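Just so you know, the protein sequences line up as chains C and S, in that order.
All letters in the first sequence, in the order written, are residues 696 to 812 by the working numbering.
All letters in the second sequence, in the order written, are residues 23 to 1007 by the working numbering.
If you're looking for bench data, these hints aren't it; they were derived computationally from the structure.
There could be a bad hint or two in this list.
[Claimed, not checked] Straight-line alpha carbon distances no greater than 25 Å define the calculated DSS-like cross-link-like pairs of lysine-lysine that follow:
#: 1; chain 1: S; residue 1: Lys480; chain 2: C; residue 2: Lys812
#: 2; chain 1: C; residue 1: Lys812; chain 2: S; residue 2: Lys848
#: 3; chain 1: C; residue 1: Lys724; chain 2: S; residue 2: Lys701
#: 4; chain 1: C; residue 1: Lys812; chain 2: S; residue 2: Lys589
[Unchecked claim] Sample of chain S residues lacking proximity to chain C, with all beta carbon distances greater than 12 Å (derived):
#: 5; residue: Asn349
#: 6; residue: Ser395
#: 7; residue: Gln435
#: 8; residue: Phe488
#: 9; residue: Pro586
#: 10; residue: Gly591
#: 11; residue: Gly714
#: 12; residue: Lys923
Predicted, not measured: the structure shown is a model, and the values here were computed from it.
All C-beta atoms, glycine included, are put in the ideal place defined by N, C-alpha and C.
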Amino acid sequence: MFLINCPYCGEREQVEFSCGGEAHIERPKNPSDLTDDQWADYLFMRKNIKGVQFERWNHINGCRRWFNVARNTATDEILKVYNIGESAPSISGNNPTTPSGEPVIGSGNLSSSFEKK
Amino acid sequence: MSKKISFTFDGKKYFGKENHSLAEALLDNGIFLLGRSFKYHRPRGLISAGSEEANAIVQLETGNITQPNVRATEITLYEGLKAKSQNHWPTLNLDIGSINDFLSRFFPAGFYYKTFMWPPKFWEKYEYFIRRAAGLGESPTEDDPDKYEHFHYHCDVLIVGGGISGLYAAELAAKANLKVLVLEQYPKLGGEINNQGKVSANKFRESDQNIIYQNIFSKLEKFDNVKIVTSTTVFAYMHNNYLLASQKTNNTKIREIIWKIRTKKVVLATGSIERPLTFHNNDRPGIMLSHSARKYANKGIDLGKNIIVFTNNDYAYEAAIDFKLINNENKVTVIDIRNNSKGDLIKEAKSIGIKILFNHIVTNTRGRKRINSIFVHKIDNETNKIIDNYGKISCDILCVSGGWSPTVHLFTQSRGKLIFRESDATFIPNESFQNEISVGACNGTYALEEILEEIDNKMSNLLSSFKIDIKNNNHPSLNKIKKIFYDKMKHLWIIPSNINFKKTKMFVDFQNDVTAKDIQLALKEGYRSIEHVKRYTTTGMATDQGKTSNINALGIISKLTDTPIHKLGTTTFRLPYTPVTFGALAGRHVKEFFDVERTTPMHQWHLDNNAKFEDVGQWKRAWYYPINNENMHQAVNREVKATRKGIGILDASTLGKIDIKGRDANEFLNRVYTNSWSKLGIGKCRYGLMLGDDGMVIDDGVTSRLGENHYVMTTTTGNAASVMSKLEDWLQTEWPELKVFLTSVTEQFATISINGPFATNLMQKLCVNFDFSYENFPHMSFKNIEIGGVNCRVMRISFTGEKCYEINIPSSYAQSLWSKCFEIGKDFNITPYGTEAMHVLRAEKGFVIVGQETDGSVTPVDLDMSWIVSKKKYDFIGKRALYRSDTVREDRKQLVGILTKDPNIVLEEGAQLVEEVSKPPMKMIGHITSSYHSPNLGRSIALALVKEGLKKKGKTIYAPMPTKTIEVEICDPVFIDPLNERLSA
Ligand SMILES: [Zn+2]
């Protein structure tokens, strides 16, 4: 259970929050001009990144405010918390390749090969 | 002389000593056979003296406090303890299942997978036997009378392990004035120290250890910023230094405590676990890990006089030397795989008369209920091939040692990275992921002088992050510690056998009965990844999680595939480290504390009036109110009839109520509901359907306009919270420009729904001066009315099709108004009705219930409610999706009514509907969503979603059930008053 630094309340336990999925997906302003595929893209298509992903979180059992989080989904490290409406921060880091790759460190799964000493 | 404690094992009474574990007490009574193995039901005894125990797992106590799969090594003896061996039938000594041992060729690797692949009819036959034979202990069948507690704890430094390493680290942290918590899994602090006795060959070293330990311990006692808790196992290491531990208490009021610890730093000092060796018949009672046997012997337990130590390393000589020194009469023989060792301990062993056979191996053992002899062969040091038969040696116990495995479980749970150290074939911590250090044996550091130095260095680093600078170079009497030289070990992952490998039983995982041969078979069948081999053979998957087997399994795969171990990697160590009881995990969250229970202000009245309750989300809702001996059917019929003839009164307080205020409230409603809200006058109500942006119905309810910029929305009971959250989401993240404020007022107002032809009469009696004429207060309108001096919001809306007033009254006044209604409603046969009658009443009118008629795949068009979908609005949530190629299909499932040809048959909800009856599988065209007996119609009615149902009204279709096929007709879903005449009559 990780800690999330709510921009309004400070650091709190993960159980107080709920994740709202991928961030920066704006609801189209002109839905009727879009093709079925474009609408389906807005509705359903998500990147589901293994690595650094920008997500929406809500302090649902706290101040109930929404905010954005840059989280490494492979290690659950929270790299940045920022406000709704702000653009995604640039965060460097090598995203591991899926499905077989694991991050160098911090994965819940041990990788299949080790260095030796 | 310690106190005698009586206990029973398998029904027989024994006596044990104070501070002995159950394992020690059993051995002390000469009991070596403690259980049967999982698959082959082979006789098994203790393999270890600690939490890594794979064999000696017992059923503790009986009845409502019984606990299965308890490691005998972890239970401290107490007066009256009752334990039972597991996994045998009918008795431990005579076990029918052990026939499996002789049939073992039928239980190969992947046995369960292969079984499941057999034709299903075979499975039915095998299931009984597999279930009979499988499984370890038994779950209790009665409620646990004991209490369990959860503690939350915050500290600066958590130290896991109360051996020398942990306590020394604790001392350094304590000196720095930090808040320190030390958790030790065993009842006694000291770790490795406890394996040592008063006599030992390496006296010089041991006395050092003891002095240092006493020294540290006495100092620690003086710090009040250090808390030390024993009998507490840290079983989980989660994110941001959040660790869970379970404490076994001696307190009769609270059996176990779960510690939930959030700490700034963690020091892992969890020690190491000795490895068994993999040879033929290596699983008999009396075959133990060398240091476990050493611990037992040093506790004064008689393991026999004829002791064999089978080793590949120097450390096992510590045990051998102790056995000899405990009693010089003991005959101690060491069988060493290596061709030689220059270690200090070997010299010492020789000097006290221990016989050593280098270049020798144990190839077989004898003794069914306890080992009595071994077979020994000589190997060639280069080829490791058997070159000579040494012969048979009789023995009382066989101690084995394959070296040490650092206990890195918590380290890997913390997601740290291991590195493979080839010299002793171990995985040791390399790179930390969290704020943590590993010290001592769990870091692969075994020599005392090295451990103390390591702790000095690592702790000064760790403390520097607290801005504390202490010089740690004054560790206890380091200069006096005499270094002991340990020579190299030699790894033979599979001990060579003089018989065909296919016929060997070399156990790797003792608890799951996995042999080296099983691993070979898995590899032959094409499994390569260690994770796959693990699952296919089930090695490392028992309750001990392979504490003694993982590295040996890796070694065997490495040997058989000729791949270095570090290339194979290792499987993931999952939490919990040791099994945790459900009772402990549940803590106080049981029975009435399991979940929040919400009750309405009228709850006491419902209780007093014999209501039966139904759970709707967290709410307790009155389901029906039986009178005398009425059954549910009778009560519901009476309630439904009374509502259409006189007055029915419903507690509708659980409906979600959201107060909406702000400049843009109207625009907001236009965006979240399908219909238009622009022209809704103040004092008017409107029904709304809420969709997801996928066009599917997610909620419905009536919203009333209370003022220019003030509305109150009602939601379904179950969706109140999620609708509120979703609306907040839109406002905060998508439409921050809208000035709208949402407030949940569900619990601030209670709702009394008064229905029926005499509803107005009752209202008039309640508020004598108010004009209840239809002209003044028509259907779908709202009034603020003072009732008994309390300002109420009254909506004239209807979910029954009857004239209806929904009185929203501040909660604290609700019960008195509710009672008042009964007082003055007597003349109209006022009848309370519950949720079941409510369902029947609305179904008679064809009103849908979101979540019953809809399942997340139903659009308003499917519900034949196109009238509520605005064509004019530019946009609303869900609009675009209603024009997707899939949602405009004409052959979607649509809401219809269903009448059975036989009016007495009430269909099952969920029943499948078909157009043509044939042999299964039949082509399904829909299903029943609601079905009731309608007392007003004197027959059954149902609602259904049917493919192209709207076009098929009048058509006969079928509901095939297991015993009969029911003929039904598709009809209009409104069964009563289609013209809504009752609303204004
Ligand atoms: Zn917050």
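Given as non-interface: Ser395 (chain S), which should sit over 12 Å from chain C by C-beta: Ser395 (chain S) is indeed farther than 12 Å from all Cβ atoms of chain C, at 40 Å.
25 Å limit on alpha-carbon distance, applied to hinted pair Lys812 (chain C) and Lys589 (chain S): holds (13 Å)
Least C-beta distance between Lys923 (chain S) and chain C, which was stated to exceed 12 Å: For Lys923 (chain S), whose nearest Cβ neighbour in chain C is about 42 Å away, the distance exceeds 12 Å, so it holds.
Beyond 12 Å from each Cβ of chain C, as asserted for Asn349 (chain S): holds (41 Å)
Non-interface claim for Gly591 (chain S) versus chain C (Cβ beyond 12 Å): violated (4 Å)
Holds or violated: Lys480 (chain S) to Lys812 (chain C), with C-alpha atoms at most 25 Å apart: holds (20 Å)
Pair hint Lys812 (chain C) and Lys848 (chain S), alpha-carbon separation not exceeding 25 Å: At roughly 89 Å apart (the allowed maximum being 25 Å), Lys848 (chain S) and Lys812 (chain C) break the hint.
Least C-beta distance from Gln435 (chain S) to chain C larger than 12 Å: Gln435 (chain S) not clear of chain C: closest Cβ-Cβ about 9 Å, inside 12 Å.
Status of Pro586 (chain S), Cβ more than 12 Å from any chain C Cβ: violated (7 Å)
Cβ separation check - Phe488 (chain S) to all of chain C, threshold 12 Å: Answer for Phe488 (chain S): holds, closest chain C Cβ roughly 18 Å.
Separation of Gly714 (chain S) from chain C, once the least beta-carbon distance is taken, above 12 Å: violated (9 Å)
Pairwise hint evaluation, Lys701 (chain S) against Lys724 (chain C), where the allowed Cα distance is 25 Å at most: Holds. Lys724 (chain C) to Lys701 (chain S) sits at ~24 Å (cutoff 25 Å).
Checked against the numbered hints above, the structure breaks hints 2, 7, 9, 10, 11 and satisfies the rest.
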